Amino acid sequence: MKDEVTREERVTNLKGLGSSRKRVEDARFTQGKGHYVDDINLPGMLTGDFVRSPYAHARVKSINIDAAMALDGVVAVLTAKDLEPLSLHWMPTLAGDKQMVLADGKVLFQGQEVAFVVAKDRYIAADAVDLVEVEYEELPVLVDPFKSLQSDVVLREDLDPTAPGAHGPRKHHNHIFTWEAGDEEGTNAVIDDADVVATEEMYYHRTHPCPLEPCGSVASMDKVNGKLTLYGTFQAPHVVRTVASLLSGIEEHNIRVVSPDIGGGFGNKVGVYPGYVCSIVASIVTGVPVKWVEDRMENLMSTAFARDYWMKGKISATKEGKITGLHCHVTADHGAFDACADPTKFPAGFMSICTGSYDIPIAYLGVDGVYTNKAPGGVSYRCSFRVTEAVYFIERMIEVLAIELNMDAAELRRINFIKKEQFPYDSALGWEYDSGDYHTAWDKALKAVDYEGLRKEQAERVAAFKRGETRTIMGIGLSFFTEIVGAGPVKNCDILGMGMFDSCEIRIHPTGSAIARLGTISQGQGHATTFAQILASEIGIPADSITIEEGDTDTAPYGLGTYGSRSTPVAGAATAMAGRKIRAKAQMIAAYLLEVHDDDVEFDVDRFVIKGAPERFKTMGEIAYAAYNQAIPGLEPGLEAVSYYDPPNMTYPFGAYVCVMDIDVDTGVPKINRFYALDDCGTRINPMVIEGQIHGGLTEALAVALGQEIAYDDMGNCKTATLMDFFLPTAWEVPNFETDFTVTPSPHHPIGAKGVGESPHVGGVPCFSNAVQDAFRPFGNRHTNMPHDHWRIWKTANDLGLHD
Amino acid sequence: MFALALIELPLLYSEVYRRQGGHRMITSAFEYHRPSDLAGALSVLEEHGDDARVIAGGHSLIPMMKLRMADVPHLIDLQDIADLKGITVEVGTVTIGAMTTQHDLINNKALLAAAPIIHEAALQIADPQVRYMGTIGGNVANGDPGNDMPGLMQCLDATFTLVGPDGTRSVKAREFYEAAYMTEREDGEILTQISFPVTNSGFAYEKQKRKIGDYATAACAVLIAKEDGKVTSASVAMTNLSDVPVLSEAAGAALVGTSCDAIAMKAAVAAALQDIDPTEDNRGPVEFKIHVAGIIISRAIARAWSRA
Ligand SMILES: Cc1cc2nc3c(=O)[nH]c(=O)nc-3n(C[C@H](O)[C@H](O)[C@H](O)COP(=O)(O)OP(=O)(O)OC[C@H]3O[C@@H](n4cnc5c(N)ncnc54)[C@H](O)[C@@H]3O)c2cc1C
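Heads up: the protein sequence lines correspond to chains A and B, in order. Following the working numbering, the numbering of the first sequence begins with 1 at its first residue and continues without gaps. Following the working numbering, the numbering of the second sequence begins with 1001 at its first residue and continues without gaps.
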């Protein structure tokens, strides 16, 4: 058989690694054919809706459901009393704490779930919510974690104040844990002796992932067969199944959890929410399916927030600017329950990546978690566990140190970067960075934006401002970040005891197409596109002939889900490894068909060829067919493989960002003139998908840095629970982003990929913030807190006397 | 008349949270009426009194109904009443039907020539989706201090036509607004049209907002007529800087007779700031709003003067 197609064309046809293949998901999403939880309508289905607390802290004196029950179409109203016999009025959180499902005697934050109304449709349910009469007695409200740690007011009366919590001893009845890393004594000694020390306090405000689709679930208990099916907005469906089994006592094989299309997660859909539990209980009680879907206000007020870290730093250096030590203390506001979604042994996530991209010989991190009268959560909003906080912290400390040293912040970074030859690099706080080439990336970025030219322009603008010729000033925001993603090695990362491996199972069909199922779940990342590309390159079947399926626990292999940029590092690795098993068997089949020894054939793009005689080959299509249609001595029929991948280490993507901004000092309005983002995520699977991820992550970074926050007043009223006040940028507010890259593969990942979905958010927030702060640096600014909305920027100008 | 709207007033939202723990997206049940003429609409209004309310584009009213801040057992949709739509420019007067959408205002050539300030202002309201639905009548009848059209109408010295059971009457925009959501309109009346003189004055509508779709942190409408290098008349009106739109006569007077030089401008801004009374909200504290208002007013005056 003569081959008409060149090797190059065969590679192109596969649409494997490196191809900017169009997203296969988009055909349905752009035509309104996505299938989300709220699209699921089962026969006889009822709808649930919550009565929520108007108070941030109050005793629940009584709940009267009579009027609600009397409304035509209302089937049930559940309260904590109804859940108590099932031990479901409280539920465990991912952080080792427990959380009320429905108010048990008191409420601890505004918007807390008090009763669950179940009715024939959502309209009746909404009317019934108004008819439930709850009598409250207001209690003193604590919204400030520092005051909370001093207060006599006990928030969590359910906890024994003297007993240790899930992460060790508690210092106060409103204290949750102290978590430490590094050498405090040694660090203090270095800092005390240093030439130069910069200290700063910064607040990383509370915000919210606010995915387009809010959270929801549909539970369907089939009492005849004893099977529970649960559809929901789950970033980790298998973990939900295990938790549901442990909570309900229903055996795990009798529970099927399905994550259908998910309209964005960004960490918000990792947690387990009272709505899920209530929909399950209601379905068990009523014997028919029950749907619960929250609205936007409920999403912003009650499901998992992000950040809310009060960070205090000390950084020391020599006169020349070589950093000698770093000390960080965090007061972490966790709200009413500790419902952070972190690996079990990491109550502050990977905050200890806070030494950043710098070779810092000694460091210390201490974190104190605190209860307050705010919504629980503490998820990783588009970042690996608390990495956004860590990178913001170090990138601000670098800027403050540059001010202290009277040095250029780009140069300060350069002289402190971990050098290429130092990798794998052991950080002072215990991480092993896998690979990096920071200097090359930094030089490329600074050159691309003409950094020196920008500084000259800025100096001229400052002079013009001082001469009274202009009322705008210019800021140059820099950030260099190192992410830590791909949790993670089972030896130290688990969620509720489940090791954080991930999985892939592949079946090759006789005609040479395939289906692969994974333990992860896409929420917009494009897994169906990119995982098929990994496989295409591994097994020589075109990506277009490979279906990727995720999210159904009855069919997908067990996995820990999608968050923390872990899908490509972990499930992507499992995919490659499973592909390699397929390839190994294919090799034996090919050798048999070609009547040569296994070792005499080799893989070539989409086929096995005889070494030295490439005109004699068997394509993967022919091999797949042979696997099913003939008996091959010594081999089982079929062509399938499964891989469970436990990564040996995390991966460490990095990047260099520059933002150029104008600020109108009179109105506080910023204008972004340029944003350059260089990302190194190792091997690039699909450059177009990477770019899309970067655009999205930068947009959310802009949001957080310039205005997006969850704010409370002193009474614990949430002031920002609608999209009028909670900032979601549109195309109008978002500048053009210039993207660029370098490639430093991960040495331990099977294809060298590191993950990218969250990098732009992690690196973007400090970059936007540094641009604002840098604009004011020539006028004496050291640090101001985010979000840099108009009035806060205006206030900085005002405090610096720029309005006088 | 007490009307409600989707507004930013934190006062109202915290009231929502207080009452319900803050979640609402479904209105109470209501009866839907869709008359085809004004008489039909008026008679439903008369029949149900307080229990009835007209709906125009719904982009202020429906959010309030969803939040259950407005309970409207009888909703009277005006969209089938053809007489309430359209823009005419005749003998020096512009007349706009109450049900004309903001989108139509933006795209009407005759209006662009007769009062270009409307074009400039309407483009700064909300986003295209809202502007396809939101009407000029709803915007001015609403009584929300955040709405942009009321201040603009005061600047243009517009006249509102109200039709009720007792017939038709006219009210000046400058006399229409009493307090937040309180206007001269009686419960049984429907606003049918808005009219104002054609203007060839220099104009500007300047608005600071946090993002697309946001109400003003501060906004200002200015019209300036010029002859021989001097201001012959000026009107300055402001949005969202008090519980009602604010026309600052003193600011206008400070400009008349001057060449809009720095001193006159300063005097006008100082006068305008005397007339406002902003409140703190998520956009910022009072001190910030006053400062920004001063900047926005002076920019609006400068731009209007440059076009005079
Ligand atoms: C996201 C968003 C952003 C927005 N941003 C802005 C903004 O920046 N600036 C701005 O000005 N507006 C803004 N709006 C409001 C928008 O312009 C509204 O459409 C407008 O305020 C009301 O017009 P409507 O036709 O929708 O009125 P409706 O909502 O239908 O009615 C509003 C009120 O007026 C009454 N009413 C309506 N028509 C009449 C009539 N003919 N006679 C008597 N009473 C009547 C109604 O009974 C109701 O009380 C925004 C709205 C949204 C949803």
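Calculated directly from the structure, the hints in this document are not laboratory data. Note that the coordinates shown come from a computational prediction; the quantities given were computed from them, not determined experimentally. No residue lacks a Cβ here, since even glycine has one placed at the ideal position from N, Cα and C. Possibly wrong hints are sitting among the right ones.
Pairwise CB distance ranges (calculated) [claimed, not checked]: (1) B:Asp1080 to A:Asn736: 51 to 59 Å; (2) A:Tyr36 to B:Asp1083: 58 to 66 Å; (3) A:His253 to B:Gln1129: 43 to 51 Å.
35 Å max Cα-Cα, derived DSBU-like pairs, lysine-lysine [said to hold, decoys possible]: (4) B:Lys1085 to A:Lys22; (5) B:Lys1230 to A:Lys719; (6) B:Lys1266 to A:Lys671; (7) B:Lys1085 to B:Lys1172; (8) A:Lys312 to A:Lys322; (9) A:Lys444 to B:Lys1266.
Hints versus structure:
The given range of 51 to 59 Å is broken by B:Asp1080 and A:Asn736, whose C-beta atoms sit roughly 45 Å from each other. Between A:Tyr36 and B:Asp1083 the CB atoms are about 43 Å apart, so this pair departs from the stated range of 58 to 66 Å. In this structure, A:His253 and B:Gln1129 meet the distance hint of 43 to 51 Å, their C-beta atoms being roughly 48 Å apart. Proximity of B:Lys1085 to A:Lys22 is assessed by CA-CA distance (about 46 Å); at most 35 Å being required, the pair is judged violated.
Note on B:Lys1230 and A:Lys719: the hinted pairing is violated, with a Cα-Cα distance of about 48 Å set against a maximum of 35 Å. With a C-alpha separation of about 27 Å, the suggested pairing of B:Lys1266 with A:Lys671 holds against the 35 Å cut-off. A distance of roughly 20 Å separates the Cα atoms of B:Lys1085 and B:Lys1172; the hinted pair therefore holds under the 35 Å criterion. Of the pairs offered as hints, the one joining A:Lys312 and A:Lys322 holds, with about 21 Å between alpha carbons and a cut-off of 35 Å not exceeded.
The hinted pair formed by A:Lys444 and B:Lys1266 fails the criterion: a straight-line CA distance of about 49 Å is larger than 35 Å.
Comparing the model with each earlier hint shows violations of hints 1, 2, 4, 5 and 9; every other hint is respected.
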